[in-house]
Amino acid sequence: MSFHQITCKVNGAEEIVTVPSNMTLLTMLREVLSLTGTKNGCTAGECGACTVLVDGEPVNSCMMLAVEAEGKDIVTVEGLAVDGKLDIVQETIIEKGGVQCGFCTPGMLISARALLNRNPNPSEEDVVEALVGNLCRCTGYSRIIESVQAAAKRS
Amino acid sequence: MISAHPGLPEFDYVRPATLAEASQFLAGHAAEARPFSGGTDCFVRMRDGFFTPKYLVDIKSLEGTTVLSFDAKTGLTIGAAVPMNRVAALPEANKYYPVLVEAIKSVASYQLRNRATIIGNICNASPAGDTIGSTLVYNGVLNIHGVDGAKKVPVREFFTGPGKNVLKPGDIVLSITLPVPPTGHTGKYIKLGRNRLSDLAIVGVTALGFKDPTAKSGYRFSLAVASVAPTPYVLTKAEEVLATKSITAETIAEAAQAAMDSVTPIDDVRGSASYRKFMVRNLTKRAVEDTLKKLG
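If you're matching them up, the sequences are chains B and U in order. Residue 130 in the working numbering sits at position 130 of the first sequence; the count goes up by one each step and never skips. Residue 220 in the working numbering sits at position 220 of the second sequence; the count goes up by one each step and never skips.
Next up, chain U with everything else stripped away, as it sits in the complex (with noise of 0.2 Å):
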């Protein structure tokens, strides 16, 4: 068969019944084994030579993997074996976490969509994962199981570098909960790609705001950006000067300043170093003062 691309390497495909038994497979097969959901993400690396897998794991079929509901207390549970499409049509989703949903649009193309997962965006750790950023303002904990049982991370503390993270053999994540956002809060995913729709991110910039009494300027924002660092980088800078001084045009200048200051995009095919660093702050400038006029 002459194809466009490489087929797919020789490897044996794998679906344990049980939690156990596929922790147990992974750690086993430490270097050889890999867990896949919609393989959108795997299948291409491994056509590319860069996975090169001897198992793959379908997890899709284990317990807490197929969940997605919301939950006035705890908030939104997403498995790893949802694809993105679903929650997007989720009316919880849109109600209570619509930048996330925003985001997950603005990724790919609608039939991939019905493949790609949020659990695979972000065990991919790629800096650019589109719905990395909602993941990280939204405040999610990953539910993971591993050989010693069941465990939590946050996201913000699951990536090291780029493609990397936390997981130790025999991690498989099985979802990951967002806790109830603030009443009233609104915000903007802003994904600058070569094209109107579907490419990857040259910068994502994700905003998230509230009304906030204890906060001196009244507001506060959660602020994260993609590719723009060895890993999904949240503003911290940016969000302090957004919640300490009053909200005027010079504290939004000063705030996407910051923003730009603080971040290490690398040159690569999508585009340089110093046009990421000025993306960063006329997309942070953006999605701040379209948040603040959605807040009113």
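Next comes chain B alone, as it looks inside the complex (with noise of 0.2 Å):
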């Protein structure tokens, strides 16, 4: 099997890494990377526990192989909070209490940042939509959606 040694951009640092062709890029963020917050769930691009920006759009990190990683601006759940201060929707998701096991939280959270860099205004059915995949066993979805509405407001 093929080795690629490629260059990314994780959370603002530049990565060099070599990878086998069947690596996902999930994989390489949690076991090469060490970056453990973005979550497995399904290995099927269905439940979006792995959800990561790349190039500031959310994709399923289970559904892309590591070697597509080359040259790609990448940003996890690590990345979110900038020089010790949490993204909005991080803040809100804990005031409305969106978080039980936190399994999904990491996923809900990068879907939940890019919705708003792409809509900072929106409805109820926009937030629904734009979470759709990303699943959760816990919450309900409720506190979910009330967290993403009041990060837009409070942007």
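These are calculated hints, taken from the structure and not from any lab test. Please note that the accuracy of each hint is not assured.
Below, simulated DSS-like cross-link-like pairs (lysine-lysine); rule was C-alpha separation at most 25 Å, straight line [said to hold, decoys possible]:
# : chain 1 : residue 1 : chain 2 : residue 2
1 : U       : K60       : B       : K72
2 : U       : K73       : U       : K211
3 : U       : K211      : U       : K60
4 : B       : K9        : U       : K60
5 : B       : K96       : B       : K9
6 : U       : K168      : U       : K245
Ranges between beta-carbon positions, derived for each pair [said to hold, decoys possible]:
# : chain 1 : residue 1 : chain 2 : residue 2 : range
7 : U       : G28       : B       : Q5        : 25 to 31 Å
8 : U       : G28       : B       : G97       : 54 to 60 Å
9 : B       : Q5        : U       : E240      : 57 to 63 Å
Where a beta carbon is used, it is the ideal one built from N, C-alpha and C, also for glycine.
Assembling the complex is the task here: the two chains are given apart, and the hints tell you how they should meet.
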């Protein structure tokens, strides 16, 4: 099986990594770069626990090969806070009680951040549609949706 | 690593620089090499053991795969490397191909649509493909590069069975061109799923309609259905009813019944054949009524 050396940016830092062909971006982030905030829920592109930003757009990292990350700018949940200050979507999800077991949370935050970047004033339906690909087994979603709406108001 | 699903099996990732190289490689490793774009069907099938390629060929940097442009004469051309979200965001797609955009927005999730492509949806050839119906009613033509050079295949002639198409080893679908649709057309994509958003279609009805003075009824409809036959299915009989008889509640019911009688769905985890047939009838009726209302 072939190996490939790739150069990419992860949370602002340049990373040079050698990866096997069959490694997903998810595995590279978690096991090579030790960024374990991004989770593996289904390895099928359905649950969204593995969502990261690639060049500003949310992507299921289990549905992308590590070798395809060459030249890309990747942001994981670890990269949302800046200089120790939480992103507004992180603040509001805590305030609104949108976190229980926390497994879906990193993916939710990334999808929420991406939504507010492209639509700073989303309707409730916009929020629901943006989070359709992020499944949660604990909260029943209401508080997560409220937290995204609150984050939009305060941005 | 403990994972909810097996990891990807071993394979070699290959990214040819030119079309000739790519077609030659695929033809030379016919049983062992598979082209991929977003990978959203491919990786899942590989994890489940249905696809076992030794080589995955990334087509996303090949010439002709990154195009996304509208021309007032030739229509909309969408490259194989273009994710669905980008098509849905294109103003000309919204203006001239609203049914396609509606279908795109029903697919999976926003983050999956940043990888999934329309060409991939077509090549995967699932009868359930959400965007396939739109490419049928908009009369799309696939632009393909093979070992013998360029060729074109209409989408209507592309599917041969569940997951099967007319592509030969070495063939790479570079893009699809949707001709400019009739002025004033409108339509609807109704997707029946187990939940309101993001599921695979139990039944998916694509309707396109426009006023046509050459039709006896004054209207012409193009209708396609997902998940009711071995391939994405065009409702020819229903279309004929709606073109030849003046449009009344009875005609619409007759067309819907003709649709129901013509499909051959199977029982599967998402629904029974019997349920699907009734849903074809009901959703065809709804899609046609909705389109007529919008046409005024």
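Going through the hints against the structure:
This hinted pair checks out: K60(U) and K72(B) have alpha carbons roughly 14 Å apart, not beyond 25 Å. With a CA separation close to 21 Å, the supplied pair K73(U) and K211(U) stays within the 25 Å bound. A threshold of 25 Å between alpha carbons decides the hint, and for K211(U) with K60(U) the separation of about 39 Å lies outside it, so the pair is violated. Proposed proximity of K9(B) and K60(U) is supported: the alpha carbons are some 20 Å apart, at most 25 Å.
In summary, the hint linking K96(B) to K9(B) is not supported, as the alpha carbons are separated by about 32 Å, beyond the 25 Å threshold. Between the alpha carbons of K168(U) and K245(U) the distance comes to roughly 42 Å, so the proposed pair goes past 25 Å and is violated. G28(U) and Q5(B) have their C-beta atoms about 26 Å apart, which keeps the hinted 25 to 31 Å range intact. For G28(U) paired with G97(B), a C-beta distance near 58 Å keeps the hint of 54 to 60 Å intact.
For the pair Q5(B) and E240(U), the beta carbons lie near 59 Å from each other, so the given range of 57 to 63 Å is met.
The earlier numbered hints that this structure contradicts are 3, 5, 6.
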